[in-house]
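Going down the list, the sequences are from chains A and B.
Under our numbering, the letters of the first sequence match residues 1 to 364, in that order.
Under our numbering, the letters of the second sequence match residues 1 to 166, in that order.
In case anyone wonders, no lab produced these hints; they're calculated from the structure.
We put the beta carbon where it would ideally sit given N, CA and C, even for glycine.
Please note: incorrect hints may appear among the correct ones.
To be verified - Covered by chain B, according to a simulated footprint, are these stretches of chain A (three or more residues, beta-carbon under 8 Å):
no., segment
1, 39 to 46
2, 54 to 67
Claimed, not checked - If you only want the chain A side, here are some residues facing chain B, beta carbon under 7 Å, derived:
no., residue
3, ARG70
4, ARG73
5, LEU328
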Amino acid sequence: MSDLHGRPGAPDEDPRGVDGGEETPQRGGGFEPDGLDEDALRSLFHGSVADLEPSPDALERLHHAVPVRRARRRQALVGAGALAVVAAVGIPVFLFGGVLPDDDRDSVTAHETQGQTQGPAAGAGESSRGTEGSEDSGESAGGRHSEGQGPSGERQDTEGADRGADPSDTLVGSAPSCGREQLGAGSGDSGEPDEQGRVYGSFRVTNTSGEACSVQGEGVVGAAMQGTSTRKPVRIVDHTPGDPAAGLPDPASEADELVLEPGAAYLVRFAWVPDSATCKDSSAPPGGEGPGAVAGDGTGEESDDEGDEGKDDDGGEGGSGGPEEDPLVVISHTPDGGTPQAADTAVKSSCPGTVYRTGVLPAG
Amino acid sequence: MTAGTTVDHLTETYRTHYKSLLGLAALLLDDTASCEDVVQEAFIRVHSARKRVRDPEKTLAYLRQTVVNLSRSALRRRIIGLKLLSKPMPDMASAEEGAYERLERDDLINAMRGLQRRQREVLVLRYFADMTEAQVAEVLGLSLGSVKAYGSRGIAALRVAMEAAS
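Based on the sequences and whatever the hints tell you, model everything.
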């Protein structure tokens, strides 16, 4: 115990000196240790690591690596910053699946979570995001609960992003940042499912002000499943080349900054990709699902969209509003800057799945 | 257009905080060889997210938070694995190597490795990073009471461990 007062570190010393302090380790109670005051502990800590020096090329490596990572981030464009802002102002983002943005987390966590929550269908995007871990979410200063996170841990990541975000943060742009009040006339569209059940859609948001402004973030894409009492995972990830949402534009083509003249609009495109590997299994048990979902899944033996079709039919009979309504995945978009939500659109599906999203794209 | 600004900020942050963050990582990690990797990764993450570096006063907080997060084993393994795959680290100069070797033999470092992760984090943030208990609670996502409890138990455990080592 006596050594706690001295620098234990001299490597070759044999710190045998014992001061005879026999105090029993304290449990709980005061933080202040007897016989080991704060100053002693501070000097011990600082002494132990005092010799550590950066490697000679540490700064050089950072100067190289930061731009490279930024470029990668551009490709895996995400709106964590936006999410953080949204969360900060208390918008009820109803994601029970995953969210994702990880731009700034952080977080160590956000990215990490993203990686964990991405299903097999996530494809190529997973590796690049995983390395940033959560930088945005957690990361970086993001997620603080980085361990043992399941899908349910994602809100914690959001929390981390929230803490890390500063609503006043903006990028330096050639035009003032678009205030939330400048963005409006939102609309959302989604198409018909293709043979694999994939549905493409987009959100359109217009600069309704009289001034040009710069869209600073990608905003938040949220998703919620409705019409089924069984919550199924809906992941939201950024589109990356090689993922199943092949119909979305290459993220590399996205501009770093998008300036909207008055009346101009941006698009956020997305693809809903049902998880065919788990859809049948997860929805097969009747559980609490409405008859529509059960029937649909029962007929959909081979693919997700078959199941959807079945539900479709039954849903027509059952009407809407009750537990038997058509299972829908409602996908929404909230611009950077926060509430209110700009638009949403619904995709018929009772399957767990993934929403792949782009960043903000100029509307043609 | 922001690159120049950011690089300057990067250099400035590096000069101001890099060494202390190396120490933070060394006290949190089980393997000192990963210290520099963790700190490098933290810098890269924080500085590649431009929104994070707009407020220099918050940069240190972001960096510390990231180091803490990265120091947790699962994430670190991931980083290290990626590093090995993509960007081998240059050999450390002998001087640095010597410092890390000495660290490996440091009684305090070894005693710290016997502590529970939370205890260790609390002690390091509190007494190395000089954070208040409230700040530690914030960084670790713990209640103030938990921070106090981990702190007192951590110190007790540290005493025992140091005593055993002597």
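Each hint, compared with the structure:
{"no.": "1", "hint": "39 to 46", "verdict": "holds (count 5)"}
{"no.": "2", "hint": "54 to 67", "verdict": "holds (count 12)"}
{"no.": "3", "hint": "ARG70", "verdict": "5 Å, holds"}
{"no.": "4", "hint": "ARG73", "verdict": "6 Å, holds"}
{"no.": "5", "hint": "LEU328", "verdict": "34 Å, violated"}
In terms of the numbered hints stated before, the structure departs from hint 5 and from no other.
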